[in-house]
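**Student:** Sequence:
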Amino acid sequence: MKERRNAPYLLGAALAVLLYAAAYALFVSPIRAETDGELDACRKKLAEVQAYYRAADGMVGLKEAHARLDEEARARKEVRDRLMKVAFNMPPEFNVPREWEPNVYFDRMLKEVVGKAGAAVQFVGKDAGTIGFTQRFLDRKEEPRIRFRRLAVADRLLEAMKATGVGRLVSVQHGKAFSYGMPDVNVHIEAVTMYAVVQSPEKNFVALVHELQQPGRSGRYVAVRGVRINVADPTSGTFEATLALAGLFVAPGPYVPPKTEGQPVPIPLDKY
Numbered sequence: 001m002k003e004r005r006n007a008p009y010l011l012g013a014a015l016a017v018l019l020y021a022a023a024y025a026l027f028v029s030p031i032r033a034e035t036d037g038e039l040d041a042c043r044k045k046l047a048e049v050q051a052y053y054r055a056a057d058g059m060v061g062l063k064e065a066h067a068r069l070d071e072e073a074r075a076r077k078e079v080r081d082r083l084m085k086v087a088f089n090m091p092p093e094f095n096v097p098r099e100w101e102p103n104v105y106f107d108r109m110l111k112e113v114v115g116k117a118g119a120a121v122q123f124v125g126k127d128a129g130t131i132g133f134t135q136r137f138l139d140r141k142e143e144p145r146i147r148f149r150r151l152a153v154a155d156r157l158l159e160a161m162k163a164t165g166v167g168r169l170v171s172v173q174h175g176k177a178f179s180y181g182m183p184d185v186n187v188h189i190e191a192v193t194m195y196a197v198v199q200s201p202e203k204n205f206v207a208l209v210h211e212l213q214q215p216g217r218s219g220r221y222v223a224v225r226g227v228r229i230n231v232a233d234p235t236s237g238t239f240e241a242t243l244a245l246a247g248l249f250v251a252p253g254p255y256v257p258p259k260t261e262g263q264p265v266p267i268p269l270d271k272y
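The numbering of the sequence shown is the numbering used here, which starts it at 1 and goes up by one.
Take every hint as true, because none was put in to throw you off.
PhoX-like, lysine-lysine: derived pairs with alpha carbons at most 25 Å apart:
1) Lys162 to Lys111
2) Lys162 to Lys126
3) Lys77 to Lys63
4) Lys162 to Lys116
Calculated directly from the structure, the hints in this document are not laboratory data. These numbers come from a predicted model, not from an experiment.
Given these sequences and hints, build the entire structure.
**Tutor:** In structure tokens:
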């Protein structure tokens, strides 16, 4: 009898379970699935955002980046300050007067530069008497501005030879003219190169190298880029030496790299 009385309750409980299962399947399950899908989409989006803002290889923090920028600015200022200290000033006599044709004035100044050496310097080589300005060189039709700079470097060399007693000039060969600097600095360096062969006692040659690196007339500096010495007789105390020199000029305006046209530009380097 008791079981019969409990039967309706059991049936009702079973029916309630079935109804809950049906309601869950019809209403709760789709909503939960949709919620789970939205959560997955949010997690993926969050991962994309985190990946976008994650520091890549080589990236640094903001403070370090500011420190590096400040250091680069200091380096540029130091370069600019060094450039401004370089002064290979052209003596007034090398500025072409308006009434003179540049080539005619160059010939006159070439004779004066050679003549100033006088008996203190012997020109013993084939092209030494013209200090490298042979007809073949002049046929290059180089800008007068560059040729007068080369002449100023040769004048400084002869001046230094007289001052140090290096009395024999074997040959002079003029090399390439080039410029260098930094694009964001408003000045750059223009240089002309020269290779001079001299014969000298050892002590006089050492004095010559030192003298060339001192300011000459009008504050003219020459950079000694290299030296090669050939000793024919070790007992004589005299040797033949090749000097690689460069006259340096501060020019206004930032450095403009030459056009490469797909090929690397060879920077003139010394072989010594």
